[in-house]
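The listed protein sequences correspond, in order, to chains A and B.
Note that the first sequence covers residues 1 to 260 in our numbering.
Note that the second sequence covers residues 261 to 603 in our numbering.
No lab work stands behind these hints, which were simulated from the structure alone.
Quantities reported herein were computed from a predicted structural model and do not represent experimental measurements.
The beta-carbon is built from N, C-alpha and C at its ideal position, and this holds for glycine as well.
Any given hint might turn out to be false.
Unchecked claim - Mimicking BS3-like on lysine-lysine, the simulated pairs with C-alpha atoms at most 30 Å apart in a straight line are: (1) K598(B) / K167(A); (2) K16(A) / K182(A); (3) K561(B) / K182(A); (4) K561(B) / K258(A); (5) K492(B) / K258(A); (6) K182(A) / K494(B); (7) K598(B) / K182(A); (8) K319(B) / K492(B); (9) K182(A) / K448(B); (10) K598(B) / K479(B); (11) K303(B) / K492(B); (12) K561(B) / K494(B); (13) K479(B) / K258(A); (14) K576(B) / K492(B); (15) K53(A) / K158(A); (16) K603(B) / K253(A); (17) K167(A) / K603(B); (18) K599(B) / K258(A).
What the hints assert, rightly or not - A short list of chain B residues far from chain A (calculated; beta carbon distances all over 10 Å): (19) F292; (20) K342; (21) A365; (22) D437; (23) A438; (24) A446; (25) D480; (26) D487; (27) A488; (28) E489; (29) Y497; (30) N536; (31) E596.
Said to hold, decoys possible - Output of the computed footprint for chain A on chain B, the stretches with three or more beta carbons under 8 Å from beta carbons of chain A: (32) 298 to 310; (33) 345 to 356; (34) 374 to 386; (35) 575 to 586.
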Amino acid sequence: MHIVTFTRSTPDTAAKVEVDGNGAVSWGDAATVVNPWDEYSLEEAIRQATNVKGDTTVIAVGGDLHNDSLKHSLAMGVKNAVRVNADGLDMTDSLQWASLAAAAVNNIDDCQLVIFGKEHVDVGSDQVTYQTARKLGWTMLSYVSEILELDAEGGTIKVEKTVEQGKQILTAKLPVVISVLKGINEPRYPSFIGIRKASKATIPEWTPADLGIELPASSITHDAYNNPPPRDITSEIIEGETIEEKAAQLVDKLLEEKVL
Amino acid sequence: MSVFVFVETFDGSANAVSWEALGAAKTVADAFGTDITAVVFGKNAAAVATQAGHYGADKAIVCDDATLETYRLEPYAALLTKLVEEQSPEAVIAVSTSQARELLAASAADTNSGLVTEAIELSAGDGSITVIRPAYAGKVLSQTTVSTPTRFVTLRGRSFLPNDPDEGFSVDVTTVDAAMNEDDIAVKIESFEAEVGKVNLGDAAIIVSGGRGMANNPKDAPADAEDAEIWKAKDGYENVIQPLADTLGAAVGASRAAVDAGYIPYEHQVGQTGKNVNPDLYIAAGISGAIQHQAGMRNSKIIVAINKDGEAPIFKLARYGIVGDLYQVLPILTEELKKRLGK
Ligand SMILES: Cc1cc2nc3c(=O)[nH]c(=O)nc-3n(C[C@H](O)[C@H](O)[C@H](O)COP(=O)(O)OP(=O)(O)OC[C@H]3O[C@@H](n4cnc5c(N)ncnc54)[C@H](O)[C@@H]3O)c2cc1C
Ligand SMILES: Nc1ncnc2c1ncn2[C@@H]1O[C@H](COP(=O)(O)O)[C@@H](O)[C@H]1O
Numbered sequence: 001m002h003i004v005t006f007t008r009s010t011p012d013t014a015a016k017v018e019v020d021g022n023g024a025v026s027w028g029d030a031a032t033v034v035n036p037w038d039e040y041s042l043e044e045a046i047r048q049a050t051n052v053k054g055d056t057t058v059i060a061v062g063g064d065l066h067n068d069s070l071k072h073s074l075a076m077g078v079k080n081a082v083r084v085n086a087d088g089l090d091m092t093d094s095l096q097w098a099s100l101a102a103a104a105v106n107n108i109d110d111c112q113l114v115i116f117g118k119e120h121v122d123v124g125s126d127q128v129t130y131q132t133a134r135k136l137g138w139t140m141l142s143y144v145s146e147i148l149e150l151d152a153e154g155g156t157i158k159v160e161k162t163v164e165q166g167k168q169i170l171t172a173k174l175p176v177v178i179s180v181l182k183g184i185n186e187p188r189y190p191s192f193i194g195i196r197k198a199s200k201a202t203i204p205e206w207t208p209a210d211l212g213i214e215l216p217a218s219s220i221t222h223d224a225y226n227n228p229p230p231r232d233i234t235s236e237i238i239e240g241e242t243i244e245e246k247a248a249q250l251v252d253k254l255l256e257e258k259v260l
Numbered sequence: 261m262s263v264f265v266f267v268e269t270f271d272g273s274a275n276a277v278s279w280e281a282l283g284a285a286k287t288v289a290d291a292f293g294t295d296i297t298a299v300v301f302g303k304n305a306a307a308v309a310t311q312a313g314h315y316g317a318d319k320a321i322v323c324d325d326a327t328l329e330t331y332r333l334e335p336y337a338a339l340l341t342k343l344v345e346e347q348s349p350e351a352v353i354a355v356s357t358s359q360a361r362e363l364l365a366a367s368a369a370d371t372n373s374g375l376v377t378e379a380i381e382l383s384a385g386d387g388s389i390t391v392i393r394p395a396y397a398g399k400v401l402s403q404t405t406v407s408t409p410t411r412f413v414t415l416r417g418r419s420f421l422p423n424d425p426d427e428g429f430s431v432d433v434t435t436v437d438a439a440m441n442e443d444d445i446a447v448k449i450e451s452f453e454a455e456v457g458k459v460n461l462g463d464a465a466i467i468v469s470g471g472r473g474m475a476n477n478p479k480d481a482p483a484d485a486e487d488a489e490i491w492k493a494k495d496g497y498e499n500v501i502q503p504l505a506d507t508l509g510a511a512v513g514a515s516r517a518a519v520d521a522g523y524i525p526y527e528h529q530v531g532q533t534g535k536n537v538n539p540d541l542y543i544a545a546g547i548s549g550a551i552q553h554q555a556g557m558r559n560s561k562i563i564v565a566i567n568k569d570g571e572a573p574i575f576k577l578a579r580y581g582i583v584g585d586l587y588q589v590l591p592i593l594t595e596e597l598k599k600r601l602g603k
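Use the sequences and the hints to build the structure in full.
Okay, structure coming up:
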């Protein structure tokens with residue numbers, strides 16, 4: 001069985017991200033990192049593939065910015081990496097993104113399991129995960145906190161899923177797309193040898209033509225980015241002789257603010 | 261040609277956040293000169309539809325089939341997609357819960373419709389819907405327009421006001437059949453373990469969060485405690501944070517440092533790789549205010565910080581701060597609140 005996982009490069013979570021004079025999002029010369037949620041999906045793909053003696057491929061959809069996260073994935077131990085890109089691709093258009101993603105999965109033999117991280121910290125969206133599953137016509141299992149059983153021969157999977165009200169145990173027939181939560185595993189750090197090998201890897205690029213599809217027409221238009229209005233807060237440190245006095249003052253203020 | 265609002269149910273009752281979507285849908289329905297249809301699946305769907313009427317739905321489509329009793333994507337998406345194909349609504353709107361996020365994304369993909377998620381502002385006109393949504397963990401705002409024949413929109417919770425309910429309003433209910441048979445659904449629910457008494461961070465009006473500072477509990481850990489630091493922090497959540505949260509009817513949050521150290525389960529984590537929250541009041545105790553924590557809570561209306569380090573970055577974000585030891589301040593604050601709120 002072949003297990004496919006996705007990743008992307010996102011600005012370091014500590015970076016100052018803002019809209020520059022040209023209306024573009026900029027994070028200065030801060031580094032990009034693997035989308036933090038993907039560390040768990042990459043780790044899970046490697047572990048599951050080891051268990052079922054299968055193969056692994058990591059895919060990034062988008063420009064060459066994403067090669068860094070692909071190389072990080074290779075260094076962690078994913079076997080193959082590929083980047084899918086198209087002229088005119090709007091990264092914020094989830095239907096275009098998912099159509100490319102699904103076509104790429106279909107281009108890989110014997111793939112039965114696709115693993116995504118919970119969401120993308122840059123767009124703050126997980127919609128491509130579900131849309132890729134629908135474009136593939138596969139079952140979607142989201143918010144998986146544990147894979148309890150992956151039976152390649154029997155063609156089934158059993159997982160624990162976290163929902164707002166508690167935890168469910170679900171079984172499904174393969175093929176499936178899953179998204180995994182933080183805490184499903186302890187992601188490994190790439191080894192020194194892994195990093196060295198990955199740095200030399202050339203990453204193949206697939207175009208829609210290679211995949212035998214056309215990029216769908218855009219479904220949204222992205223008008224503008226703006227910096228959020230400055231938060232108009234005056235900070236006030238509550239002073240007082242005793243803690244009791246400070247606590248009483250704080251309660252007065254919170255009652256005045258009508259938030260209690 | 262109506263505007264669909266997906267009303268979420270759990271175990272026969274509506275998820276009250278759905279009323280926010282009915283509030284927001286009014287703008288869209290008015291702009292398109294049409295009415296609002298609540299779409300309700302699951303147990304008691306008809307009763308929930310009546311309630312949706314009180315909150316502003318003109319019509320409702322309900323399906324109370326056994327396959328839809330507990331939410332699963334396949335049968336829900338199959339039916340929603342069928343309804344969208346048959347009725348070509350102007351828009352499909354829902355509050356962005358984990359369920360609605362995936363359901364609307366799936367159905368938008370099935371029907372090749374544009375989707376915008378996590379809207380915090382919304383306007384409609386000229387055949388399109390334009391939203392403002394946070395991106396890059398709220399560091400920038402993005403403005404996006406969707407103009408496909410059906411426009412899918414999810415709303416960030418607590419960003420739109422529900423209409424005041426009016427029991428005089430009635431709703432015109434249509435009952436439909438499920439779109440899938442149980443035999444054709446690939447996912448089976450083997451078991452479910454409810455977590456009782458859990459206050460959902462996503463829709464909490466007040467949140468009390470503890471961070472790494474929780475480990476500085478002055479109590480001594482018992483000799484047989486496996487790990488003294490974890491014991492102290494857990495004891496703090498139980499006996500200092502929880503009583504304050506109970507007094508305020510608040511949910512309990514945490515920083516990633518506290519979660520990673522094993523003080524409290526991940527479900528409580530607020531921040532870039534945890535939950536995104538926007539309560540009226542957020543109390544941060546023993547939290548330094550790292551940028552990734554801020555990413556999840558900076559939109560709270562009033563932030564209160566309690567930290568023994570007067571230089572902690574959290575004080576720059578906070579409306580009110582008390583510099584002091586949380587283990588001294590919080591119990592006294594809890595007593596004061598009990599007195600003043602008459603509890
Ligand atoms: C990719 C990535 C994603 C991340 N995602 C998140 C996320 O989602 N959420 C998140 O929170 N963090 C996240 N972080 C981690 C973040 O950078 C910080 O490490 C974390 O928020 C720090 O938690 P803290 O404030 O509890 O701990 P610290 O920074 O150690 O702060 C503890 C504070 O407690 C105070 N204190 C100690 N004892 C007491 C006492 N007795 N009374 C009062 N005050 C006391 C100290 O003065 C200090 O300010 C992420 C980091 C990365 C790299
Ligand atoms: N339908 C959508 N799906 C994903 N992202 C979207 C969508 N609509 C708007 N966006 C925005 O797309 C931006 C992501 O840009 P990028 O980092 O270039 O992929 C974010 O600012 C999002 O707010």
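message: Run through the hints listed earlier and report the numbers of any the structure violates, in increasing order.
response: 1, 5, 7, 8, 11, 13, 17, 21, 24, 30, 31, 32 and 33
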